[in-house]
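Engineer: Each chain, letter by letter, is given below.
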Amino acid sequence: MTPEDLVVIEEIKRLRYRYARALDQKDWRTFEACLAPHASASFGGGAYSFTNRTDIVRFVRDTAGVSTVLGSHHFHHPEIDLTGDDEAAGVWAMADRVILTDLDLVVEGAAYIEDHYERIDGAWTIAQTAYRRLYEVVYPHSSIAGYQITGDWFGSGGRSDLTVD
Amino acid sequence: MTPEDLVVIEEIKRLRYRYARALDQKDWRTFEACLAPHASASFGGGAYSFTNRTDIVRFVRDTAGVSTVLGSHHFHHPEIDLTGDDEAAGVWAMADRVILTDLDLVVEGAAYIEDHYERIDGAWTIAQTAYRRLYEVVYPHSSIAGYQITGDWFGSGGRSDLTVD
Amino acid sequence: MTPEDLVVIEEIKRLRYRYARALDQKDWRTFEACLAPHASASFGGGAYSFTNRTDIVRFVRDTAGVSTVLGSHHFHHPEIDLTGDDEAAGVWAMADRVILTDLDLVVEGAAYIEDHYERIDGAWTIAQTAYRRLYEVVYPHSSIAGYQITGDWFGSGGRSDLTVD
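Chains as they are written, first to last, in our numbering: chain A, 1 to 165; chain B, 1 to 165; chain C, 1 to 165.
One should not assume that every hint holds.
Since the list gives no way to pick one copy over another, a pair counts as held whenever it fits inside one copy or between any two copies.
Quick list of in silico lysine to aspartate or glutamate cross-link-like pairs, EDC-like style, CA-CA up to 20 Å [unchecked claim]:
hint	residue 1	residue 2
1	26	79
2	26	86
3	26	114
4	13	79
5	26	81
6	26	102
7	13	114
8	13	85
9	13	81
10	13	86
11	26	121
12	13	118
13	13	161
Hints were generated in silico from the structure; no laboratory data involved.
The following block holds chain A by itself, in its conformation from the complex:
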């Protein structure tokens, strides 16, 4: 690993961060641009698989596109190896929480991700991604008496309703 390699690795980390930001903010144009046209992706630990960008984006928009789905996907522990001039592989730890307000459900989990990256016309893209769950749990939020959503990106413009005295 050289200092110049580190610059490339930083670019790839930022690709994953941009992907996460676009996903959770539902910015689908930016989301799509993070993927190679021929990208393959597997979600749900293998429950849902796709072999091109169009299908990936359609699936993610269909399941997470509505404002009743509030989620955070955090990617940690990057172990990124440059495997060619325009190719790299990465392992990440994921921590995610999704609140489905209309279904009264919270989904929380942790997983390990394996990515492959390709640089196309100078821009790094995700060419392949799949994760395997360490664990995934769900619970109805109404099971916790007094559980309230006090702020959300889409409903309140991200402003908190909580009062600090």
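Keeping the supplied structure of chain A fixed, place chains B and C upon it in accordance with the hints.
Structural biologist: Then chains B and C, alone, in the frame of chain A:
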């Protein structure tokens, strides 16, 4: 981006990490030193705004200074751009949890932060910071029967009371 | 800090990430290789201490080795200082969650870690590690009606049972 830029970016990341450490350990001297004198800050997704360091520190101490407030603020996904010799901009994902033991309340959330940084006398400082919530939830911890705090920085010196058999 | 220092720091970050991956995936051979033979470790905020690698690995395998223990240990905010040619010190923020399925218990917490690293035969190892809890909470997951584990690394091969309509 050059290897030398990466060194500067690492310094700015460490500024945010030091800020978080000072905040959650309630080390207000270190916390204050992370901010520019003319810093502006907005908390609660815009609910609380301040335009100088003195007011920021006072607000944070007033709301989080007591040992009945146990919190973790984790900053992820740094996208940091150097915008001048002594200026930079950053976007971060935040995951935070605060337990208000005397109010029987847990506050958990995720947000995106936008920062501006300035280097003053060789030291990077936060000159502007604001966040917008992806979501924020609250619940009384007594709603979960058997919920117990088994260790805290201030009460037990950070030692766990949990017994491993 | 130089660009060359950053390469060394990245190697040390990856050591911690490999340690976490090995711990949560229960890959004990990789876990052991992250530690110096003379490593000392303190867990539970000082509740459990060990002064050599064999004892550390035995304790962690004894407490976390079974498939009824599902955990994620995430390490954030690295502040790593090179203190010698083959020595370094690091501070990290930890966010961890462990689900003990047979004891009906979830343990969640946040902590600060202090590490010392040594490079032995060219490979960085953890020579000393200890953490102090910001907070630690436990609750029986049966207290949340409808709480379900819908995927786990060991049980379902990391695949989610959740159905997306």
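Engineer: Need the list of violated hint numbers for this structure, in ascending order.
Structural biologist: Hint check: 2, 5, 11, 13 fail, others pass.
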